[in-house]
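**Q** The lines below spell out each chain.
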Amino acid sequence: MATISSSTRCCSSSLAYSNSSYIGFHHHQKNVPFSLVSPNRLGSKRVSLQSKSNPYSNVIIMQDGAVGTTAATVENKAPLKKLKDGLSSVTSPKEHKEPIEVGVNSDKSTVSITVVGASGDLAKKKIFPALFALYYEDCLPEHFTIFGYSRSKMTDAELRNMVSKTLTCRIDKRENCGEKMEQFLKRCFYQSGQYDSQENFMELDKTLKEHEAGRVSNRLFYLSIPPNIFVDAVRCASLSASASNGWTRVIVEKPFGRDSESSAALTRALKQYLEEDQIFRIDHYLGKELVENLSVLRFSNLIFEPLWSRQYIRNVQLIFSEDFGTEGRGGYFDHYGIIRDIMQNHLLQILALFAMETPVSLDAEDIRNEKVKVLRSMKPLRIDDVVVGQYKSHTKGGVIYPGYTDDKTVPKDSLTPTFAAAALFIDNARWDGVPFLMKAGKALHNRRTEIRVQFRHVPGNLYNRNFGTDLDQATNELVIRVQPDEAIYLKINNKVPGLGMRLDRSNLNLLYKARYSKEIPDAYERLLLDAIEGERRLFIRSDELDAAWSLFTPVLKELEEKRTFPEYYPYGSRGPVGAYYLAARHNVKWGDLGVDE
Amino acid sequence: MATLRGTTLLVFLGVLLVLLSTFRCEAADKDDGDQFFFGGLSKAKDPAVEPNIEANKLSHCSSSSTTFSSLHHETSYFSKWVTEIHFRRQLRNHFELKSANGFPLNAVPMQDGSVAKPLEEEVPFPEFGETKSMLSITVVGASGDLAKKKIFPALFALYYEDWLPENFVVYGYARTKMTDEELRNMISKTLTCRIDRRENCQAKMEEFLKRCFYHSGQYNSPEDFLELNCKLKEREGGKLSNRLFYLSIPPNIFVDVVRCASTKASSTTGWTRVIVEKPFGRDSESSRELTKCLMQYLTEDQIFRIDHYLGKELVENLSVLRFSNLVFEPLWSRNYIRNVQFIFSEDFGTEGRGGYFDNYGIIRDIMQNHLLQILALFAMETPVSLDAEDTRNEKVKVLKSMKPLQLEDVIVGQYKGHSKGGKSYPGYIDDPTVPKDSVTPTFAAAALFINNARWDGVPFLMKAGKALHTKRAEIRVQFRHVPGNLYKRNFGTDLDKATNELVLRLQPDEAIYLKVNNKVPGLGMRLDRSDLNLLYRTRYTREIPDAYERLLLDAIEGERRLFIRSDELDAAWTLFTPLLKEMEEKKIMPELYPYGSRGPVGAHYLAAKHDVRWGDLTGED
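First to last, the protein sequences are chains A and B.
Under numbering that gives the first Met the number 0, the residue at position 169 of the first sequence is numbered 168, and the numbers go up by one with no gaps.
Under numbering that gives the first Met the number 0, the residue at position 575 of the second sequence is numbered 574, and the numbers go up by one with no gaps.
By construction, these hints were calculated from the structure, which means they are not laboratory data.
Think of the CB as a built atom: it goes at the ideal place given N, C-alpha and C, for glycine as much as any other residue.
There may be inaccurate statements among the hints.
[What the hints assert, rightly or not] Simulated crosslink set (EDC-like; lysine to aspartate or glutamate; CA at most 16 Å straight-line):
#1 B:K399 <-> B:D430
#2 A:K561 <-> A:D412
#3 A:K185 <-> A:E157
#4 B:K487 <-> A:D322
#5 A:K512 <-> B:D530
#6 A:K517 <-> B:E380
#7 A:K517 <-> A:E157
[Stated by the list, open to error] Quick look at which bits of chain A chain B covers, simulated, 3 or more residues with Cβ under 8 Å:
#8 358-364
#9 489-500
#10 508-515
Pulled out of the complex, with its shape left as it was, chain A reads as follows:
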């Protein structure tokens, strides 16, 4: 369904997602609300709506394909939604199966990408550059326009000027870059307006219409705004600026609430205006090359298949570390803390991808179904299985690195963890008893994200008796380094060449830099392209989100209620020692802090 889009012209995207020809999906959401409230009351921030049933629970409905078939069902129960879905001009599902966005009939359709919060940091640093990169690589459809929307007054030229500062060319093919940039900027426009003003969005709609010039209009809204105005913007956009005859999709960024309740409330509020399949919750870690490759490794290499279970895997470690602190921008962070900011979303998502059963297919719903199953097989995190830390100031080589609470934007008495380690367990047949360890921290000694799979020891190892080293410690380890310097390596025991019989651990190595000379696209490029193409695989479904929060909410509450003190660690250190004890309790050694790393 319309997912092929630009693939014929986008050199690198090829036919990747072309077979996502499912019609509907099962959706596990039990509490999808439908609105009994009048629209104008929805402006409040935390709407908590009661819902009795979910009209879509089984027959949902890809809006760009199958909506027409189910429209009748929807109609009775949710008249409001129907309107904003643009169902007034329902196209037949059959027609939609034809790749309407493909080059041949591309003159008939257009995509407008509206970046809501265009003057913000994320927009400048990530979104516009990613859009340009897609354009530069011919991945965008022929007709597209980009709209910046925010409260600041700005002209198109000013926006273009602002945007142009952060655009970069691919390292490996610079030809025509300047030219391409010009062309891209010509397609960028600006519309200023309030985030909660339907009138302003109506004006946006008018401008969009002009640019669409009667073509089939597809609209993508990227909400690059603080979470407290998500719902306002969604309401206005969906009510006043939805596409009238194509699709309308909304990309939202974390945070998606700060616990089960607030997240559920947010989801309910979004669902008043959007269908599940219009919501694209971004977790940009899922767009990272090596996270994408994780499934490829697992499912297209026979050699990993027998290994992927409790029988061979002793533990799995998901490690995130940054070598800088909040650096004067702790306001947002202090409200969330590292567990919400990194663990509950990024690391947990990777965990789910890692641990899931083989999906029926690579279709988004099949994959997300499997991921949800993993999350639901997990027990909520217990407080004894968590260690939290906070960095303190540290002086090294005459430079003073400030502590977390030295940050002016952070309350002096803040207990917000900037480091956390946790042990999780999946209670299913494949993973029972295997510790999944997570570790995330700021202001540590290095910057790195990686997945480490430690295998069990070789039972009855022949070489154990002969050679001093304890081979039961020197087990195999598969490391997938997500960033920086993408790499995959497998630590194996090997004979040190020479006349003796000494073993050591060597790596079977795949360093991306050495193997692939092409620049690896930023995660945002992939995710934006997927959203445009309607590929939902890498976005988080409501039920996934809900399941993820269920795991972390109890422990987060307990930490806050008990005012648990974080263990302090110096800026630039390896983090609090508590992490070692947590690992030790589960008979694990952190792979990233071993001697051979």
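Assemble chain B onto chain A, guided by the hints.
**A** Just chain B, lined up with the frame of chain A:
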């Protein structure tokens, strides 16, 4: 292992040459390296052994035509030769003899251990001021090519790296008349220093050369060996003596030398070991005959049959990979492995030295020994321990689970002349040392099967050839396809072809790599095969020792793991003999292939028949 490592260099002793300068056996015999038979062809010429029935049996084993008078002394002890010759206390500590298949050896006490014990407390001999034992290494055939190119350099390397015992001497033995000085001069030309640590290399070389001596003699003369024995004794100066004989000589004189050496120059106090090099016969019968003859003079545990491929770093590492890495364990069977390939190729031909080769052919020269040994190591079950006997027991089991090779599972080839870039490369039969009508294969490919629970139905393909486009030896393990591959439907390429593959490159440029399917970075979803790589050169900067170094050291240390036991050898020949016979009887014509090419296309058809693709000819490598 490294128990014998000597720490410092010893004071060199001023004991010098004794006057054994007159030799009785002046008649140079006319061994022709190219034709020899282990059958009793020469029996009739050997009148000395006629009268004795036992000796008659023996005579199969003495192939050389020269007569010598003292034969009587030994011939009466054909199985247990507790020799009581006129020389003093020729007492062998061991004679656990004639175990037909070598198995009883498990029960044999290590001869070096049991003997050394009582001497341990002993006070060092005065003139050496130090340790109580002395190792003498006698290279029989010292003037030959192998000795010059491999053995002496390997010995020096061992010395250089302090692996040799403190007291040792190296003796060259050959027919050529030569002084110690001349030998030293000859050897010194081929000694090299380790690339990575050159310090003191010259000094070490000098010191090493000072320990090298020469003794000239006939290979079949007990007297000459007796003289050698005298010299050795002097050097040993009463120490516990351990003696290693390296037979670097043509196979037709193996038995003569072994007879002479063991009867006349065996150590009386320590161990005596003999290293022999291939060929070990040319079929089951001749090999058995050779073994039988050797066993008249030696016990199984004195015979060290070298297969220098087993000394290669990556062959050694094969077992380490298998048995000390959990990740390979579940994969190592028919469930996951589709086929295994053993590939040997040389980029040169016989180059004027085809005389020996023509009598053997590539199957005997490479497949039946090197490749089959690697196969056995690859496929064996986990041994009880790393001990030599445990490992070799498992290897024999593999060989015995295999069916003899069928003619239809083999293709043979021979290289022909080829001109490239104005240069013409000669064909095999253009070699003046090769008969013009020779049908000896210089290339062969074969499919073998192991009929056991682990490997049933998995083709083990071998390929070996001379004058091909590359020089390389490698093991390739191709895994099965991913059942129900999720990525298959989407992406043009046939992922069932792009299966995982583990490659162990033995030479050149030792490496291990595992081909995995990987996503090509980028926005699309294209897969390709990348390598998880371990290139030794980049990981290990130290020079990798030559196979001979390892094997010599193992022989010195009595580590038999990498040497071929009699029953292994026999089992290996059993697999190949029927085929070799059939080929010779039917005079199967080899498929001709141009010098420097990828070999005869028949190899592809053979592979195709077993649903295999050669991993080395895919264009990827």
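**Q** Mind listing which of the numbered hints don't hold for this structure, in increasing order?
**A** Those not satisfied are hints 1, 4, 6, 7.
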